[in-house]
Amino acid sequence: MNPLVIVAGIPTALALFGVIRKNRMIFLLGYFLYALIVVPNEFITYNATGEVAHLAYTFLWGVQAVLAFPNRLNYDGTKVFKSFGVKFFLSLSAINLFGVFLIQAMPASLELTETTKSIAAAYHGILAVLPLVGVFLMTTDRIPVKAND
Numbered sequence: 067m068n069p070l071v072i073v074a075g076i077p078t079a080l081a082l083f084g085v086i087r088k089n090r091m092i093f094l095l096g097y098f099l100y101a102l103i104v105v106p107n108e109f110i111t112y113n114a115t116g117e118v119a120h121l122a123y124t125f126l127w128g129v130q131a132v133l134a135f136p137n138r139l140n141y142d143g144t145k146v147f148k149s150f151g152v153k154f155f156l157s158l159s160a161i162n163l164f165g166v167f168l169i170q171a172m173p174a175s176l177e178l179t180e181t182t183k184s185i186a187a188a189y190h191g192i193l194a195v196l197p198l199v200g201v202f203l204m205t206t207d208r209i210p211v212k213a214n215d
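In the numbering used here, the protein residues as written are 67 to 215.
Note that these hints are calculated values from the structure, not bench results. Since we're looking at a predicted model, the values are computed, not measured. We put the beta carbon where it would ideally sit given N, CA and C, even for glycine. Honestly, I wouldn't trust all of these hints.
[As the list claims (entries may be wrong)] Ranges between beta-carbon positions, derived for each pair:
no. : residue 1 : residue 2 : range
1   : Ile72     : Thr144    : 39 to 45 Å
2   : Gly116    : Val146    : 40 to 46 Å
3   : Ile110    : Pro210    : 37 to 43 Å
4   : Ala160    : Leu70     : 20 to 26 Å
5   : Ala114    : Asp142    : 42 to 48 Å
6   : Val211    : Thr179    : 43 to 49 Å
7   : Val129    : Pro210    : 25 to 31 Å
8   : Leu70     : Ser149    : 32 to 38 Å
9   : Ile110    : Ile86     : 31 to 37 Å
10  : Arg208    : Thr115    : 41 to 47 Å
11  : Phe135    : Lys88     : 15 to 21 Å
12  : Ala114    : Val199    : 35 to 41 Å
13  : Thr181    : Ala114    : 20 to 26 Å
14  : Ile86     : Ala213    : 19 to 25 Å
Required output: the full structure, derived from the provided sequences and hints.
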């Protein structure tokens, strides 16, 4: 099994833990670290094969890294923050939903066995669903409001 699949479980678990604790910083850290696993791996694959698709994957998960770069902003309950949050969560969800599709579309190989594909697709699936939980919590005002200092 590809060791990156095992390592990718850590950021996925961090994002899940962040949702459970309603801690935005931990949630973002999970997505950021996941992107830091995908970006170099896809860039190395692009350099080895020259397939432009891998460069596109590099940039897409690079966008996730930029979006999810952890910061200490707190949800302050304003309409602007809520609007931004919903768009932000839907963007993360779309990126990882695309990841599920990509993993399923790739043929099995020595590096990417069926087991590895299933685990990677599950990680992307979890990372696609978690932001939808955030959208639900934000739109139903179940996220604690805190002041930004």
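A quick look at each hint next to the structure:
Against the hinted window of 39 to 45 Å, the Cβ-Cβ separation of Ile72 and Thr144 comes to about 41 Å, which satisfies the hint. Checked against the given bound of 40 to 46 Å, the beta carbons of Gly116 and Val146, roughly 44 Å apart, stay inside it. For Ile110 paired with Pro210, a C-beta distance near 41 Å keeps the hint of 37 to 43 Å intact. Range check, Ala160 to Leu70: Cβ separation about 22 Å, and the 20 to 26 Å hint holds.
Against the hinted window of 42 to 48 Å, the Cβ-Cβ separation of Ala114 and Asp142 comes to about 46 Å, which satisfies the hint. Checked against the hint of 43 to 49 Å, the pair Val211 and Thr179 passes, with Cβ atoms roughly 46 Å apart. Taken as a hint, the range 25 to 31 Å holds for the pair Val129 and Pro210, whose Cβ atoms sit roughly 28 Å apart. Evaluation of the 32 to 38 Å hint for Leu70 and Ser149 yields a pass: the beta carbon distance comes to about 35 Å.
About 33 Å separates the C-beta atoms of Ile110 and Ile86, a value consistent with the hinted range of 31 to 37 Å. Between Arg208 and Thr115 the Cβ separation comes to about 45 Å, which falls inside the hinted range of 41 to 47 Å. Range check, Phe135 to Lys88: about 20 Å between beta-carbon atoms, so the 15 to 21 Å window is met. At about 37 Å, the CB distance of Ala114 to Val199 agrees with the hint of 35 to 41 Å.
The hint said 20 to 26 Å for the Cβ distance between Thr181 and Ala114, and at roughly 23 Å that hint holds. Look at Ile86 against Ala213: about 23 Å separates their beta carbons, and that is inside 19 to 25 Å.
Taken one by one, the earlier hints all hold for this structure without exception.
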